[in-house]
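As you go down the protein sequences, you meet chains A and B in turn. 935 is the number that our numbering gives to position 193 of the first sequence; each next residue is one higher, with no gaps. 76 is the number that our numbering gives to position 66 of the second sequence; each next residue is one higher, with no gaps.
FYI, nobody ran anything at the bench for these hints, they're computed from the structure. Note that beta-carbon positions come from the ideal geometry of N, C-alpha and C, so glycine has one too. Don't take every hint at face value.
[What the hints assert, rightly or not] Once the Cα atoms are required to be at most 16 Å apart in a straight line, the calculated EDC-like pairs of lysine to aspartate or glutamate come out as:
#1 B/Lys166 - A/Asp860
#2 A/Lys833 - B/Asp227
#3 A/Lys833 - B/Asp174
#4 B/Lys50 - A/Glu903
#5 A/Lys863 - A/Asp901
#6 A/Lys932 - A/Asp901
#7 B/Lys50 - A/Asp901
#8 A/Lys809 - A/Asp745
#9 B/Lys50 - B/Asp174
#10 B/Lys50 - B/Glu130
#11 A/Lys809 - A/Glu903
[Claimed, not checked] Listed next, the stretches of chain A that the computed footprint assigns to chain B, with coverage defined by at least 3 CB atoms under 8 Å from CB atoms of chain B:
#12 806 to 819
#13 832 to 844
#14 851 to 865
[Unchecked claim] If we take Cβ atoms under 8 Å as the criterion, some of the chain B residues that face chain A in the derived model are:
#15 Arg95
#16 Ile119
#17 Ile120
#18 Gly159
#19 Ile161
#20 Val163
#21 Ser170
#22 Phe173
#23 Glu175
#24 Gln176
#25 Gly182
#26 Leu221
#27 Leu224
#28 Thr233
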Amino acid sequence: MTDAVIEVNGLNVSRNGRRVIEDATFTIGRGTYMGIMGPNGGGKTTLLQAILGIIPHESGSIQILGKPMEEFDQWNKLSWVSQHSITFDEKFPINVRELVSLGRLNRSNLAKPLKKADWEKVNEVLKFMGISKLADRRIGHLSGGQKQRVFVAKAIVRDPEVLILDEPVAGVDPEAQKRFYMKLSNLNGKQGTTILIVSHDLTAVFCRMSHAMCVNRRVYTSPISPDADPNEVLQKVYGEHFHFVFHDHVCEGFFDDV
Amino acid sequence: MMFNYILQLLGYRFFQYALLGGSIASLSCALVGLFVILRKESMIGDGVAHVSFGGVAIGLYLNVQPIITTLVVSVLAVFGISYMRRKGLADSDSATAVILAVGFSTGLIIISLAGGFNVELFSFLFGSILTIGTGDLVLISVLGVSSLGLITVFNKELLSITFDEQASRLMGVPVGALSAVFNLLVAVTIVLSIKVVGMILVTALLVLPGLTALQLDLGFRRTSFMSVVFGVGNVVIGIFASAVFDVATSGVIVFTLVACFLLVSALKKGLVAHGK
Chain A
743 MTDAVIEVNG
753 LNVSRNGRRV
763 IEDATFTIGR
773 GTYMGIMGPN
783 GGGKTTLLQA
793 ILGIIPHESG
803 SIQILGKPME
813 EFDQWNKLSW
823 VSQHSITFDE
833 KFPINVRELV
843 SLGRLNRSNL
853 AKPLKKADWE
863 KVNEVLKFMG
873 ISKLADRRIG
883 HLSGGQKQRV
893 FVAKAIVRDP
903 EVLILDEPVA
913 GVDPEAQKRF
923 YMKLSNLNGK
933 QGTTILIVSH
943 DLTAVFCRMS
953 HAMCVNRRVY
963 TSPISPDADP
973 NEVLQKVYGE
983 HFHFVFHDHV
993 CEGFFDDV
Chain B
11 MMFNYILQLL
21 GYRFFQYALL
31 GGSIASLSCA
41 LVGLFVILRK
51 ESMIGDGVAH
61 VSFGGVAIGL
71 YLNVQPIITT
81 LVVSVLAVFG
91 ISYMRRKGLA
101 DSDSATAVIL
111 AVGFSTGLII
121 ISLAGGFNVE
131 LFSFLFGSIL
141 TIGTGDLVLI
151 SVLGVSSLGL
161 ITVFNKELLS
171 ITFDEQASRL
181 MGVPVGALSA
191 VFNLLVAVTI
201 VLSIKVVGMI
211 LVTALLVLPG
221 LTALQLDLGF
231 RRTSFMSVVF
241 GVGNVVIGIF
251 ASAVFDVATS
261 GVIVFTLVAC
271 FLLVSALKKG
281 LVAHGK
C-alpha cells in the first residue's frame, strides 16, 4: 500500500449497549479497491458509519486523509452511497440530471448557482456511468440497477478521492451487478479512486478487488492475489469451516475490461 | 357584458391590489409549499396557521399591526416545533399539535380579555383580499420578495437536504442552518398569505398547488414551475370569480385550487388507464 487514506486504530463501537466493533485496527492505502464482507449484523454498516462520523465511537482513533476524523473537513474528497440511498420516496419529483448535479454541492458554492463547468462534469459522469439517455427521466421510474448507477454517479461527480458504498447492489439483477462492478473497476483503475464497497458477492470481491475486509465484530483485512486462498480469510470471520466454491469460468468474465 | 365588467373591475385600485397581493402570496406559497409537501411537513403549515390566530389576537389587544405580532408568533412556533423534534421531545405531528393548541388557546384567552371578537379578527380568520390597503400590499411585497429571494438563493441546498439529509450533511452542506432558514420561510409565507385566504384556509394555498404539480410526474424544476402556475393561476381565477359571482373570495380560491387538483388527477388517471 502507498500512503494511507483511512487509518483506524483500536476502534470500539457499541450500539444499544452491545459492542458491535471490537478493537479494529487497519489501514487503507490510496488506490485500494476493497470489498467488505461479513454476516448480517456483523457490523459492516456500523464500521462505515463510525468512520464517517455518523455514529460516535467509544474509543480508538480514526484518521481520514491524514486528519483525525473529529477535525476532518474535506468532505468534497469523500463520497458515500448509503445502504438506504435507493429506498427514497419513489414519487419525489427529481430527474437523473438534477439528482446527479446535487453531488456538486459543497461549502464553497453555497447559495450560488452551479457553474457551466459543474454541468459539464455532470454530463461527463452521466456518460461514464452509461446513463446519459436517462438524464431527463424521473428517478422513481428507473429500474434498481439504473438507480444504483445514478447514485454512484451522484457520488463520483464530486471527483472524490475515496468512494464508500454500502451494499449498493442489493436487489439488483446479476447482469446489472456485473456491469456495475465493471464501472467501479474502471473508476479505480483509470482514475485511482480508493473504493470501499460492502458486498455479499464473494466472487466479485475475490475476482475484481485488490483487498478484502471481513467484519464480524472483529475486523480482518487481506490483500487479494491470484494465489490467495479465500477460505483462509473467510474461516476467520465466520468462525466455522468455510468452503468457498470458486468456478474458474466465473472470474474470467469479471476480469474483462469495460 | 361579462367582459366589460371584468375590464371595469381591473380599473379599480382595490382589485389591482387584490390581484397583486394574491399573486405574490400564491407565488411564495407554491414554491415553499412544494418543499413542505416533500419534507412531509404539511401539518406544520396548518399548525403555524392556527398559531397565528394567537398572534393576531395579541396584535389587536396591544393595538400593534397584527401582521407583525403574527410574524413573531409564527416564527417562534416553527422554531418551537423544530426544537421539540430535534430534542426528541415529540415527533413532527405531535409537536405541531402541542404548539397549535398553545397558540390557539392563547388567542382565545386574549380575545376573552378584550371582551370578544371584532370584525378585524374575522378578516384574519377568513381572509379579506379585496380590502388590502397600500400598507398591507407593501408588507406582503416585502415579505414575499424576502421569501422568494431566500428560496431562490438556497434552492439547490434545500432540494438536497429534502431529498437526503444525511448525505447532504456528509457533503458539507450546513443542514441545521438551512433547516432554520426553511422554518423561517414557512412562517413568513404563511403570515403573508393570511390576508389572502385567512388563517383557516392558508394550508390549502400552501399545499394544493404543489400537490397538483406532483401529479404531472415531472423533474424538480418543472414541478416547481407548474406549482407556481397552478397557485397563481387559481388565485387569480378565484379573485375574478368571487367578484363576478359576489361570493367569499377565500372560499372561491380554495374551491378553484381543489377543482384544479381533482381535474389534473382525473386527467392523469385517464391517461394512465389509456396507457399513454
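Hints the structure violates: just list their numbers, smallest first. 4, 7, 10, 15, 16, 17, 18, 19, 23 and 26
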